[in-house]
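Protein chains in written order, with our numbering: chain G, -15 to 261; chain Y, 892 to 1184; chain R, 17 to 434.
What the hints contain is simulated information worked out from the structure, not anything from laboratory work.
Only true hints are included.
Take a look, some chain R residues computed to stay more than 12 Å from chain G by CB distance:
hint, residue
1, ALA47
2, ASN175
3, GLU179
4, VAL368
5, GLN390
6, PRO413
7, ARG421
Stretch by stretch, here's where chain R covers chain Y in the computed footprint (C-beta under 8 Å, at least three residues):
hint, segment
8, 936 to 946
9, 1135 to 1148
Glycine included, each C-beta is placed from N, C-alpha and C at the ideal position.
Read off the chains here:
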Amino acid sequence: MNRNRIMERIFWGTGNLIVIAYAIVPVLWIVSLSLKRSGDLNDRHFFPQTISFEHYQAIFLDVQFPAALWNSLAIAAISTFLAVIVGMFAAYAIVRLTFPGQRLLLACVLATAMFPPIAIIGPLFNLWRATGLFDTWLGLILPYMTFTLPLAIWILAAFFREIPWDLDKAARIDGATPLQSFIWVMVPLAAPAVFTTAILVFIFAWNDFLFAISLTSTNNARTVPAAIAFFTGSSRFELPIGSIAAASVVITLPVMIMVLIFQRRIVAGLTSGAVKG
Amino acid sequence: MNLRQRNERRLAWLLCAPAVTVLIGVIVYPILYAVWLSLFRYDLRFPEQRVFVGLDNYVSILTSEVWWQALGNTLILTIGSVSIELLLGFILALIMHHTLFWRRAVRAAMLIPYAMITVVAAMAWKFAFDPTTGFIDALLDREQAWLTQRGSAFLVIILTEVWKTTPFMALLLMAGLTLVPHELIQAARVDGANAWQRFIKIVVPTMKPVILVAVLFRTLDAFRIFDTVFILTRGAQNTETVSMVGYNTLLVSLNLGLGSAVSVLIFVGVLIISIVFIKGFGTPTGRRGEIDS
Amino acid sequence: MKLLTKVRLILVLAIIGGMLSSGCSRQKGEAIPLLNWYVFNEPSGAFSMAARQCSEASQGAYQVELIPLPADTDQQREQLVRRLAAGDTAIDIIGMDVIWTAEFAQAKWILPWTGHVAEQAKAGRLAAPLQSATYQNQLWGAPFTTNAQLLWYRTDRINTAPETWDEMIHLAETLGKTGIIQAQGERYEGLTVFFISLLASAGGSVLDESGTRISLAQEPTLFALSVMARLANSVAADRNLATAREDQTRLAFESGNASFMVNYTFVWPSAQENTPEIAEHIGWARWPAVIEGKPSRFAIGGINLAVSAYSLHPELAFQAAACIASVRHQQRAAELGGLPPTIAALYDDPKVREIFPFADVLHSTLRDAVLRPQTPLYNDVSLAISRILHPMRAIDPQRDVVRLRDAITRALNSEGLL
Chain G
-15 MNRNRIMERI FWGTGNLIVI AYAIVPVLWI VSLSLKRSGD LNDRHFFPQT
35 ISFEHYQAIF LDVQFPAALW NSLAIAAIST FLAVIVGMFA AYAIVRLTFP
85 GQRLLLACVL ATAMFPPIAI IGPLFNLWRA TGLFDTWLGL ILPYMTFTLP
135 LAIWILAAFF REIPWDLDKA ARIDGATPLQ SFIWVMVPLA APAVFTTAIL
185 VFIFAWNDFL FAISLTSTNN ARTVPAAIAF FTGSSRFELP IGSIAAASVV
235 ITLPVMIMVL IFQRRIVAGL TSGAVKG
Chain Y
892 MNLRQRNERR LAWLLCAPAV TVLIGVIVYP ILYAVWLSLF RYDLRFPEQR
942 VFVGLDNYVS ILTSEVWWQA LGNTLILTIG SVSIELLLGF ILALIMHHTL
992 FWRRAVRAAM LIPYAMITVV AAMAWKFAFD PTTGFIDALL DREQAWLTQR
1042 GSAFLVIILT EVWKTTPFMA LLLMAGLTLV PHELIQAARV DGANAWQRFI
1092 KIVVPTMKPV ILVAVLFRTL DAFRIFDTVF ILTRGAQNTE TVSMVGYNTL
1142 LVSLNLGLGS AVSVLIFVGV LIISIVFIKG FGTPTGRRGE IDS
Chain R
17 MKLLTKVRLI LVLAIIGGML SSGCSRQKGE AIPLLNWYVF NEPSGAFSMA
67 ARQCSEASQG AYQVELIPLP ADTDQQREQL VRRLAAGDTA IDIIGMDVIW
117 TAEFAQAKWI LPWTGHVAEQ AKAGRLAAPL QSATYQNQLW GAPFTTNAQL
167 LWYRTDRINT APETWDEMIH LAETLGKTGI IQAQGERYEG LTVFFISLLA
217 SAGGSVLDES GTRISLAQEP TLFALSVMAR LANSVAADRN LATAREDQTR
267 LAFESGNASF MVNYTFVWPS AQENTPEIAE HIGWARWPAV IEGKPSRFAI
317 GGINLAVSAY SLHPELAFQA AACIASVRHQ QRAAELGGLP PTIAALYDDP
367 KVREIFPFAD VLHSTLRDAV LRPQTPLYND VSLAISRILH PMRAIDPQRD
417 VVRLRDAITR ALNSEGLL
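Same shape as in the complex, but just chain G (with noise of 0.2 Å):
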């Protein structure tokens, strides 16, 4: 029995061992890539011999990524916020009122998470050059708040589908009008979900890159997976390889902590949707 649990304990802890190596390697990859000294990145291995900043002083000299990095931001926080807003009052109103064509939007709001981007690009682009946004920050701020509008939509419905509503009840008894409700009760109620929604979206917008090399050309609004992209080498037949590890990292670990910090409410975000339909 005892050597059962021996073998148990070290089967799991193997399993467990497996998964976080699985997870954990690419990353360590690129961090130590970032930390080799030029001259060491083509020594072939893992781990930097010597450990050295400058490539993260280049990067951070150079014009091209403390402008992307701000527009990365600014453009993610921003699409974040508005689609968290709009989906917040459409998630309401498809979980709380009744209303005529209220399966038809959620259909349609699911149908529309299954879009592919590149469907679009062609007219946008079309549409962007003609009306001006093309590589400027709405320009990308509005799609990635339409693509991760139905994603915000469906999370929060999920959520808000669990929230006791008899409180929403109560408030309108007393006399509130479902507008009040919705601001004074159900707002505050809602904050854990929508905070879970906004990581989310915010992965989202920060991760995407056909739309970032579609629609900008410039340190306007080109943001950073486009601009790590198209980082010019020094020479013209080498990739500028430490420059690229360095940038990757810095993108790469605010948004790794804000998500291990969060992991419960993401995983719960993530999964929602399907599971619960």
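Guided by the hints, dock chains Y and R onto chain G, whose structure is given.
Frame of chain G, contents of chains Y and R only:
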């Protein structure tokens, strides 16, 4: 009461209006515009020669070997990565669900690939497989330029895709595992069913809706694969996907007419996949699934 | 709620940031008109020196700012066309690759050169580079730098350079282990250049004289394809031919195990710096011919300076571009950056001859040079060619003549997918 209902309805419309407006403005209108553009010869390099050509663009695409090659590549990548993800996802989900300790740490680790930007993940793997920079060749003690040959390039692309997205699959499946009634498992165990039988006879059927949703999500996602391929090979070595063909035609060639037709065809591909899933395996939503089983 | 406050804070910061940055640029903009010159990243500093000196010489009329583009031509084009299509006013002068002229002119993204500046831009230029900047009888750029491949070989292994491809392949096959020929066989623009040069050397061309219809005469095309197939299937071909670009072939040649290489002139200074012991034994000759007694004709590269149609200061941009492309700065670009000039007289200039000991061979190559097809659809045509002909070892001349014709015809109809 009637007034109240009317008010409620008005509020509902009001609350939904911004979402509906944005969805129509940024998704519905552009896709209709894409359909419209796809009927024209419209190339930004010849701005004056915008001519209605009917379905010519579609004919031109469907008779082009480039398109069929790209579609084939996309299907290989989609089927290859989703099937590995499902298998691996189940293993990871079972570990996360059943493990006796470190449960939090393991679940947290699963979120790391999810939080890593796709471009960054692709770069990390690209450098890892690079014969001069990477550790993989050193590890395997060989000199192979993985991304310069079609077969091995596909392998690296699938690996990158699998690494990045399996955790999503695993988390969904893990959530599904919690739905499996414990009593059922216990009863089966009493009846003498072994672990494998319990898995096939009880766990999988109960989880069918979740599995379907997970696989559908990932299939649609993999079908539009772009970032990974763009970073790893840029379509060289014949690894071009349909999204890359769309991007190249629209934004590199600036051929908006032809490119829009490619976009529409990709959209149709997504529709077909969804329909196949929904008709073939039943509606993939939890509620219906519960009723069905 | 906390999040909302945070987001609001960020919004406020964003607005403040926006105000600050616009304030800064206004201060800078007023005094001297700023001209942005978009050109590939030139590491020697010759371009930035030209920009600075022309700005100084203008005595406050304009200030040229150099904005580097990616090194890869395809990526340069990708970024430029998207912005030009969007009517970006921040582009004034474009370092325009010779293959973009027709496309940019047709799309009305650049302005034609006329009058005094046009005369300046044409003065003393070699015919082929000048032709590369001309489309439909108008001048669209000032020829700035040019480039052509030569045949590089090991003088310690071969006495006289082979005249033709057949001779060279035969010779290499007899050399044994070191009998390797380095050429560019990756699926990219370089493969198209290889094919077009072979085709032109055999007396053919991709398009007819109208520039809109396909030519690809049977006989020369077969000749060109046979050379490619023969090379790729010979023991003299490098194992990595199918993935080789200019720089890989240079590195392979510098490693010493190849005896021949077709490549651009940048390999000369590189070999001298990296492997002086090999550089001692490097000889040069005209690119091999396809038909005996008929000198080869290479499809040149290089850049011309064009003025964007959306520039806010087109007049000044023309002046600045003419200055940058003038004798003095071409000489400097040759000296510092090793970029061959487009002004014929410079090939007799002692300083230039010191940098290019092969100046005479280069000059004669340029005199006989051809251009890649001058069509607005060049990008599609080139992709069609490199797609059909990659990998070279799979070329079947008889069959691929037909496939090439088909693919290029589709490209010319603006309907070839790529």
